[in-house]
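Same order as they appear, the protein sequences are chains A and B.
No gaps in the numbering here: position 10 of the first sequence is 9 in numbering that gives the first Met the number 0, and each next residue is one more.
No gaps in the numbering here: position 207 of the second sequence is 206 in numbering that gives the first Met the number 0, and each next residue is one more.
Treat the hints as calculated values from the structure; they're not laboratory data.
Do not take every clue at face value.
Derived DSBU-like pairs: lysine-lysine, alpha-carbon spacing no greater than 35 Å straight-line [unchecked claim]:
id	chain 1	residue 1	chain 2	residue 2
1	B	Lys250	B	Lys79
2	A	Lys112	A	Lys307
3	B	Lys103	B	Lys233
4	A	Lys394	B	Lys103
5	B	Lys103	B	Lys127
6	A	Lys112	A	Lys312
7	B	Lys127	A	Lys394
8	A	Lys101	A	Lys112
9	A	Lys394	B	Lys148
Derived DEER-like restraints, expressed as beta-carbon distance ranges [as the list claims (entries may be wrong)]:
id	chain 1	residue 1	chain 2	residue 2	range
10	B	Asp149	A	Asn169	50 to 60 Å
11	A	Arg389	B	His33	49 to 59 Å
12	A	Arg389	B	Ser110	16 to 26 Å
Since this is a predicted model, take the numbers as computed values, not measurements.
We treat Cβ as the ideally placed atom computed from N, Cα and C, and that holds for glycine.
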Amino acid sequence: MIPTPIHPKIDPANPFVGQQSRNQTLESFVRWVLRFGTLVIVSVTAAIVLHIAVKGAPVALSREWPFVNVAFLTELPSTLHVIQDNQGHIIETDVNGADVIKMQLGANLREEKTISYSGGGILGPIVGTAMLVIVSVGVALFLGVASAIYLSEYASHGKFIEMVRLAILNLAGVPSVVFGLFGLGAFVLTAPVFTNSPLDRAIFTLPLGFTTLSFQGWDTCVLSGGFTLAFVILPVIITASEQCLQAVPLEFRETSMALGATRWQTIWRAVLPFATPGILTSSILGIARAAGETAPIMFTAALAFKDKLPWQKDQIPLPADASLFAHWEQSIQRFLAIFTESVQALPYHIYTLAARIPQNEYSERAQYGSVFVFLILVASLAATSIWMRRSLRAKYKW
Amino acid sequence: MPPSDSSSKQLPPVVEFRGVDFCYSTQTVLHNIHLSAERNRVTALIGPSGCGKSTLLRCVNRMNERFISARVSQGQVFVKGKNIHDADVDLTQLRKQVGMVFQKSNPFPKSIYDNVAYGLRIHGVTTKDILDDAVERALRSAVLWQELKDRLNQNALRLSGGEQQRLCIARAIATNPDVLLMDEPCSALDPIATLQIEELMQQLARDYTVIFVTHNMQQAVRVSDYTAFLHLGKLIEFGDTEELFSNPKQKLTESYLRGTFS
Numbered sequence: 000m001i002p003t004p005i006h007p008k009i010d011p012a013n014p015f016v017g018q019q020s021r022n023q024t025l026e027s028f029v030r031w032v033l034r035f036g037t038l039v040i041v042s043v044t045a046a047i048v049l050h051i052a053v054k055g056a057p058v059a060l061s062r063e064w065p066f067v068n069v070a071f072l073t074e075l076p077s078t079l080h081v082i083q084d085n086q087g088h089i090i091e092t093d094v095n096g097a098d099v100i101k102m103q104l105g106a107n108l109r110e111e112k113t114i115s116y117s118g119g120g121i122l123g124p125i126v127g128t129a130m131l132v133i134v135s136v137g138v139a140l141f142l143g144v145a146s147a148i149y150l151s152e153y154a155s156h157g158k159f160i161e162m163v164r165l166a167i168l169n170l171a172g173v174p175s176v177v178f179g180l181f182g183l184g185a186f187v188l189t190a191p192v193f194t195n196s197p198l199d200r201a202i203f204t205l206p207l208g209f210t211t212l213s214f215q216g217w218d219t220c221v222l223s224g225g226f227t228l229a230f231v232i233l234p235v236i237i238t239a240s241e242q243c244l245q246a247v248p249l250e251f252r253e254t255s256m257a258l259g260a261t262r263w264q265t266i267w268r269a270v271l272p273f274a275t276p277g278i279l280t281s282s283i284l285g286i287a288r289a290a291g292e293t294a295p296i297m298f299t300a301a302l303a304f305k306d307k308l309p310w311q312k313d314q315i316p317l318p319a320d321a322s323l324f325a326h327w328e329q330s331i332q333r334f335l336a337i338f339t340e341s342v343q344a345l346p347y348h349i350y351t352l353a354a355r356i357p358q359n360e361y362s363e364r365a366q367y368g369s370v371f372v373f374l375i376l377v378a379s380l381a382a383t384s385i386w387m388r389r390s391l392r393a394k395y396k397w
Numbered sequence: 000m001p002p003s004d005s006s007s008k009q010l011p012p013v014v015e016f017r018g019v020d021f022c023y024s025t026q027t028v029l030h031n032i033h034l035s036a037e038r039n040r041v042t043a044l045i046g047p048s049g050c051g052k053s054t055l056l057r058c059v060n061r062m063n064e065r066f067i068s069a070r071v072s073q074g075q076v077f078v079k080g081k082n083i084h085d086a087d088v089d090l091t092q093l094r095k096q097v098g099m100v101f102q103k104s105n106p107f108p109k110s111i112y113d114n115v116a117y118g119l120r121i122h123g124v125t126t127k128d129i130l131d132d133a134v135e136r137a138l139r140s141a142v143l144w145q146e147l148k149d150r151l152n153q154n155a156l157r158l159s160g161g162e163q164q165r166l167c168i169a170r171a172i173a174t175n176p177d178v179l180l181m182d183e184p185c186s187a188l189d190p191i192a193t194l195q196i197e198e199l200m201q202q203l204a205r206d207y208t209v210i211f212v213t214h215n216m217q218q219a220v221r222v223s224d225y226t227a228f229l230h231l232g233k234l235i236e237f238g239d240t241e242e243l244f245s246n247p248k249q250k251l252t253e254s255y256l257r258g259t260f261s
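Given these sequences and hints, build the entire structure.
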C-alpha cells in the first residue's frame, strides 16, 4: 500500500509558514550541541584562568600604589626562611634577616623552616624567559619567512618541493623533549665557535691561522635555548607565512614585473609589506609557545638557580687608570654575556617549585604568583603582536 | 584617425612581429603573425574572445614568460630594432621601456606618490627632486595633476575607478617608456571614465607608441590609427583603421564588423 504523503498545513495568509519537520528538529538539536561544546571550552578556560588569577593575584599584586608587588618582580629567587617564636608569631624573611632575627630572639626561637626558591622574587626567570623569547622569535621569523618566500615565490613546483613541505609539517609533530635532545646535541655540544683554545671534546677543529673554528658547542646558554626553541616554532611560522604570501593578489606581482622589477624587488616592495600583518599574527602563537615550552630549554638553557642576571657576569675589575677602550671592551663583553650565559626561565621555575621541592603553603604561594605573572607576560606579548598587526594592517590594507 | 604627416613613414616601426608563432606547452595559440606598430601612432587589436589578442600584446614585453612552458616557437619579435629574445637583452630594461596597463586597474595600496614613483625607485632613482619632477610630469600627462596635486599622500585605493586607471597609466609612463601596451583599459569602467581614457590615449600618442586591445569596435574606430583583426590566433587583416572599417578586404573581417560573431 502506497503511504499517502503528509500535506503541510496550508495557511491562506502566509504561504511561507514554517514546517515542524524532522529537518527543523535536527537543526535545533545540532545548534544546541554546538553551543554546548563551545560552552564547555569556554568554561574550562575560564576555570583555569580564574583559578590562577584568584590565587596568584594576592602574591603578585598589592593593595597600594603601585598596585604590583614590586619586590616579587624585581628580586632574584632566594630561599625563604620562616621563623616561629615561642609565642606563635611567624616571621618570613630571607637569609640575612633570618640571622638577625635569630640573634634577637635568642632562646625564644621555636623553629625555623627553609623553603627553597620561594622567597625573594622572580626577576631571574622573567629576564631569562624574555631573552629566550626574543632570541627564538628573532631566529624563527628570519629563517621561517625566508623559507616561506623561497617555497612560495622561487621554488619550481615538483615532487621535491612537496617532500620539503611534508617534512616541515612533520617537524610540527615532533615531541618537545626530542627537540630538547636535538638542541643538546646540535647547539650545546657541537655548534661552531671561534676560539684560540679548543676543548678536547670538540668533535672537529679547523685551524684558521689567528684563531680556530672549533665545533665544541655553545654550552648551556640563551643562544642554545633560543635556537632550539626557534626550531620548535618554525613549522607554524613557515606554513602561516606561506599562506600570507599567497594571499597577496597576483596582480601586485604582475604589475611590479611589468614595470621592470626583478623578482626580489617585487617581493620586497610589492608582496612582503602586505603579507607582514598576517605573518606577525602567526608569530603570536609562536611567542606563546616559545615562552611556555619547558622540555627544550631544560637541557639547553635553563638552570634551577642562578644568583646573577646574565649581564652581571663576573669580570676582572679594571685598574683605575684603564683606558676608555678597555672599559668599552668590558661593556661589550657584558652585552655578549646576555647570550652566552645560562639563565633561569619561568616555565622551568614553575616546574622546580611544583615538582622538585617539598610542597607547603609557602611554595604554593610562590607557584601561583609565578604562574599568574607568566600568564600576564604571555598575554601582553600577544596583545603587543595584535596591536602591531592592527596598525600595520591599517597602513597596508588592500 | 589617419596619419597625416608623411615623416612617420620613413622611420622604422617601433614594434615588429615577423612570422611569429606562439604556444603554451603543446598548443599553438598564435600562427604566423606579421604585424608592425608605427612610432607615435595608436594601433588597435580587435577580434572575438579567445583569439589571442592579449597573448599577442603580452609578447611585446615578454610577460607571457610568467607562465610555464609558454614561448615563441617561431619567428621574431623586434622592439626598437632589436630582437627581444636575444640573449643579451636585459628583461628589466625591456620592461622599463615598454610599459603596460592592465584591464583591471590595480594600484598598489600605497600613496599616490609612491605608486607613480614605484617604477623609478626600482630602477635606482632615489633623489627626491628627480622623483618629484617625474611624478608631476606623469600625473600631468595622465590629466590627474590638478585633481591630485594636494593629496599625493592619500591612499591610492580611495580614488574612483576611472581615476585609478589613469593612475595606473601615470605609473606606467613615469619611467618614460617608448611603447605603451594597454590590455582592454576601459572594459571595467563606466562610459564617462571610458571617454576620458580614450581622450587620454590619443594625447599619449604624441609622446608614446600605443598598442591596445579592445572588445569594443567603436572604441577602435574612435581612437586608433591602425587596426589589426585577429581570429583564432591568425592575423586576418591589418591596416589603416578607416580603410579596414569601411572597406574590409577579408570576408571574415566583414562578418565580424557586421556583428555576425563576437
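Status of the hints after comparison with the structure:
1. Lys250/B <-> Lys79/B: At roughly 33 Å apart (the allowed maximum being 35 Å), Lys79/B and Lys250/B satisfy the hint.
2. Lys112/A <-> Lys307/A: Holds, at about 25 Å.
3. Lys103/B <-> Lys233/B: holds, 26 Å
4. Lys394/A <-> Lys103/B: With Cα atoms ~23 Å apart, Lys394/A and Lys103/B stay inside 35 Å; holds.
5. Lys103/B <-> Lys127/B: Since the Cα atoms of Lys103/B and Lys127/B sit roughly 30 Å apart, the hinted pair holds (cutoff 35 Å).
6. Lys112/A <-> Lys312/A: Cα-Cα ~31 Å, so holds.
7. Lys127/B <-> Lys394/A: The hint holds at about 22 Å.
8. Lys101/A <-> Lys112/A: holds, 12 Å
9. Lys394/A <-> Lys148/B: Judged against 35 Å, a Cα distance of about 21 Å means the pair holds.
10. Asp149/B <-> Asn169/A: 50 to 60 Å: holds, 56 Å
11. Arg389/A <-> His33/B: 49 to 59 Å: Taking Cβ atoms as reference, Arg389/A and His33/B lie about 57 Å apart, which means the hint holds.
12. Arg389/A <-> Ser110/B: 16 to 26 Å: holds, 20 Å
Violated hints: none; the structure is consistent with every hint.
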